[in-house]
Structure formats: structure tokens, C-alpha cells
Amino acid sequence: MYKFPKIMQTKPAKGRYVSSSTNIDVPKGHFAVYVGENNMKRFVVPLSYLKHPSFQTLLNLAKEEFGYTHPKGGLTFPCNEETFIELINNIRLK
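When you read off a place in the sequence shown, starting at 1, and then add 558, the result is the number in the working numbering.
No lab work stands behind these hints, which were simulated from the structure alone. Heads up, none of these hints are tricks.
Between beta-carbon pairs, the in silico distance windows are:
1. 621 to 644: 19 to 25 Å
2. 618 to 640: 18 to 24 Å
3. 651 to 625: 29 to 35 Å
4. 648 to 589: 14 to 20 Å
5. 651 to 627: 29 to 35 Å
6. 605 to 636: 19 to 25 Å
7. 644 to 596: 16 to 22 Å
8. 621 to 595: 15 to 21 Å
9. 647 to 590: 14 to 20 Å
10. 610 to 584: 15 to 21 Å
11. 586 to 610: 17 to 23 Å
12. 623 to 583: 25 to 31 Å
Virtual Cβ for every residue (Gly too), placed ideally from N, Cα, C.
Work out the full structure, taking the sequences as your base and the hints as a guide.
As C-alpha cells, this is what we get:
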């Protein structure tokens, strides 16, 4: 199970805490992203992930898909939850 400090778990997701609420504070040094095709899930990830090339590729895809303004109001990635979790696992292992 993912574990991010101070984040409430709404659904177990292999190794990280996921939150469906936008009212939960994001810990210092982290940021929230929304992932999913139909039911968006909120993930809170460390800022250090922004430097990883795979994460930067995902950021570019999000920019191409949604631009800088998205109806959800937050950073949204155009991929399914499983793909995002796999990416996060790969980043953590390196």
C-alpha cells in the first residue's frame, strides 16, 4: 500500500494513499494530482518527482490534453490509475 503522510486513505492503492476529497491538506513538499479516466482519484506526490523524466513526460501529456486550465481545477493526468501507480513505483525504485 502506498503511504503518504497525513493523507486519508479512501481506497487502497498499491503502496500510496489516495484521497477523493479536495479538502485534505497537502503536506509541505508535496502536491496533488488527479488521475483516472472516468472516476478521478486524487494522489498526493512528493515535489521531487517533478525532476524525473517519466513524470515530466506525463506533465507534457497533461499540458497537451488539458492545457493550463482544466475543469476539475487541478493538475490532471490523462492516464488510468494503474498506469500512474506503475509510473510512481518505477520512480520510487530509482
